[in-house]
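Got chain W sorted already, so can you dock chain R onto it with the hints?
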Amino acid sequence: MGFFLETLIGGLMAGMLYSLVALGFVLIFKASGVFNFAQGAMVLFAALAMARFAEWVPEYAGITNPVLFNLIAFALAAVVMFVVAWLVEYLVLKHLVNQEGTTLLMATLGITYFLDGVGQTIFGSDIYKIDVGMPKEPLMAFQSVFEGGLLISQEDLVAAAIAACLVAGLSLFFQKTSTGRALRAVADDHQAAQSIGIPLDRIWVIVWCVAGVVALVAGMIWGSKLGVQFSLSEVALRALPVVILGGLTSVPGAIIGGLIIGVGEKLSEVFLGPYVGGGIEIWFAYVLALVFLLFRPQGLFGEKIIDRV
Amino acid sequence: MFYRENGQFKTTYRSDQQIFPIAQDRWGVLLIVAFAFLGVPFLADEYMFRAILIPFLILALAALGVNILVGYCGQISLGSGAFMAVGAYAAYNFFVRVEGMPLIACLLMGGVFATLLGIFFGIPSLRVKGLYLAVATLAAQFFCDWAFLRIKWFTNDSASGTASVSDLSVMGLAIQTPLQKYLFCLAFLVVFGLLAKNLVRSAIGREWMAIRDMDVAAAVIGIRPMYAKLSAFAVSSFIVGVAGALWAFVHLGSWEPAAFSVSRSFQLLFMVILGGMGSIMGSFFGAAFIVVLPIAINIVLPELGQWVGITVSTAALTHTEQIIFGALIVWFLIVEPHGLARLWSVGKQKLRLWPFPH
Chain W
1 MGFFLETLIG
11 GLMAGMLYSL
21 VALGFVLIFK
31 ASGVFNFAQG
41 AMVLFAALAM
51 ARFAEWVPEY
61 AGITNPVLFN
71 LIAFALAAVV
81 MFVVAWLVEY
91 LVLKHLVNQE
101 GTTLLMATLG
111 ITYFLDGVGQ
121 TIFGSDIYKI
131 DVGMPKEPLM
141 AFQSVFEGGL
151 LISQEDLVAA
161 AIAACLVAGL
171 SLFFQKTSTG
181 RALRAVADDH
191 QAAQSIGIPL
201 DRIWVIVWCV
211 AGVVALVAGM
221 IWGSKLGVQF
231 SLSEVALRAL
241 PVVILGGLTS
251 VPGAIIGGLI
261 IGVGEKLSEV
271 FLGPYVGGGI
281 EIWFAYVLAL
291 VFLLFRPQGL
301 FGEKIIDRV
Chain R
1 MFYRENGQFK
11 TTYRSDQQIF
21 PIAQDRWGVL
31 LIVAFAFLGV
41 PFLADEYMFR
51 AILIPFLILA
61 LAALGVNILV
71 GYCGQISLGS
81 GAFMAVGAYA
91 AYNFFVRVEG
101 MPLIACLLMG
111 GVFATLLGIF
121 FGIPSLRVKG
131 LYLAVATLAA
141 QFFCDWAFLR
151 IKWFTNDSAS
161 GTASVSDLSV
171 MGLAIQTPLQ
181 KYLFCLAFLV
191 VFGLLAKNLV
201 RSAIGREWMA
211 IRDMDVAAAV
221 IGIRPMYAKL
231 SAFAVSSFIV
241 GVAGALWAFV
251 HLGSWEPAAF
261 SVSRSFQLLF
271 MVILGGMGSI
281 MGSFFGAAFI
291 VVLPIAINIV
301 LPELGQWVGI
311 TVSTAALTHT
321 EQIIFGALIV
331 WFLIVEPHGL
341 ARLWSVGKQK
351 LRLWPFPH
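One line per chain: the protein sequences are W and R, in this order. 1 is the number of the first residue of the first sequence in the numbering used here; add one for each residue after it. 1 is the number of the first residue of the second sequence in the numbering used here; add one for each residue after it.
Do not take every clue at face value.
[As the list claims (entries may be wrong)] Coverage of chain R stretches by chain W, computed from C-beta distances (three or more under 8 Å per stretch; other residues unrestricted):
| id | region |
| --- | --- |
| 1 | 25 to 38 |
| 2 | 137 to 144 |
| 3 | 201 to 210 |
| 4 | 215 to 221 |
| 5 | 333 to 346 |
Keep in mind the hints are simulated off the structure, nothing from the lab. The C-beta atom is built at its ideal place from N, Cα and C for all residues, glycine as well.
Chain W on its own, in the form it takes in the complex:
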């Protein structure tokens, strides 16, 4: 029982991290109808920027306080992501308005190659590490309830907390600020939003900026867990089943989907994996999402797709 709970909690934590990446997908899809395959590349790019700035700031500016230089590095990386968002909007998306979904999808794949190349050219292609002082020691809990207690990774706990804060912050931003209202209006209906005077261009830049910051946070957390390297961009492929399971247009869907996929992956790997040779996490997540989709084709929380002739 203890082992089962441990796996379950591990899965929930991992799921929280998947939702972070999935959130980036959902934000952009909701606001602009672009299925942004470049989210993974953005995570890598942001993490690379953050890792290198955290090296360069103490070296050139002489700031040695770890909290301070990490903060500065984070801010600089955020600025870099804003620039990327602005460039994507002005160089690519502006010219592809009204194109089909597949064309836009391919364009974001093009952006993926571009970002991977640029990121590694500017920031280098070695393995870097991000150290924002996340606790590495595992935590023992419920020792009185279970024999041997539960082993919980503190790092995951902190990461999940950060993810939860980010989601809460985003929800507030969407519900309470005027920009957030404009974003929701654009998501509901582009034309109607434009006709009451919401500037679409600016909204799209803002959405990409927000997605950039989400990518930065995801990159920071994943980067400090796994190290910043090229394989980080494959996190996007792990997050895709989360997105379709939760529904492409739903923020809560991304969270719940992430938790379901995280738990499903871990439980399948631990309890089913040994019988079939292991390594089944990645396709199990997709098959799980596929099974859910067979019953709800628009994902758990997605808007119902109504076909009209």
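Quick look at chain R alone, frame taken from chain W:
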């Protein structure tokens, strides 16, 4: 002046319905095929065959298959790499385990097994649509990646997990030299190209296009969505499977599952979209573009670096290649979202008037 159908009168339904109703098109295509069979062998050297022509032929075949599914039936698939893998490994198992099975039969059996998998993973398309389906097809991709890596039976229990074939021959004729391989692949491409062209202009092809344009409306006028979608999945994955078997047997010789990874699926989708969705011709253009582009960048970039006075390191070269590749694709999508095939048809329209202004 030369390219126009004036004066070519059709007196029978048969002549009106032929593949290329315009005589110039007919002769043009025949000339190109004849040139590919008879002219190219004298012109190309070994590097040309190995690095460009053979990959181009096989990937064009695969792109043709993907185009039937994505371009004609409108079902976006990111699992083409998996169908290629199934074709390759099924053909391999027939080749290794069945004594004396002819090579062509092995390759076609690869296609048959890819078809079965294609139909299986096509079933969700009856309920799941659009981008949801695209992501769902990735399930096939990752499942196959895993299965061919972990289940040793598929690779004939080889210790390294690598499958390899040698001594290929068809009816006593060896397929060893690049030239022989080239002709073998070319023959496949011509046969399948003709087959696909005829399929898409027949009743079933029109059903696919109706489903693509609007599936509810198609169902209302009496097209069975299940039959149309699953047949598109079947035909597409058969062609992709045969292409996968050719890629493994003829181009690679010995291969690992990584040869058919998810990036291969993306590559095929790029070919279809850059070449032109819903166009047989577009598949060839797209394949040529995607095969030649990285090689061209690889050759041009160091030259350019030398010219400016910088030596380009291999790491920088890969990254710059990625940058240019990504930028070119985005640029191309912006300039011509309907693909190279559109440029081709625009060119043909212009040629009709040339050299007169109206």
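Exercise for the section: Of all the hints given earlier, name the ones this structure violates by number, lowest first. Expected result: Failing hints, ascending: 1 and 3.
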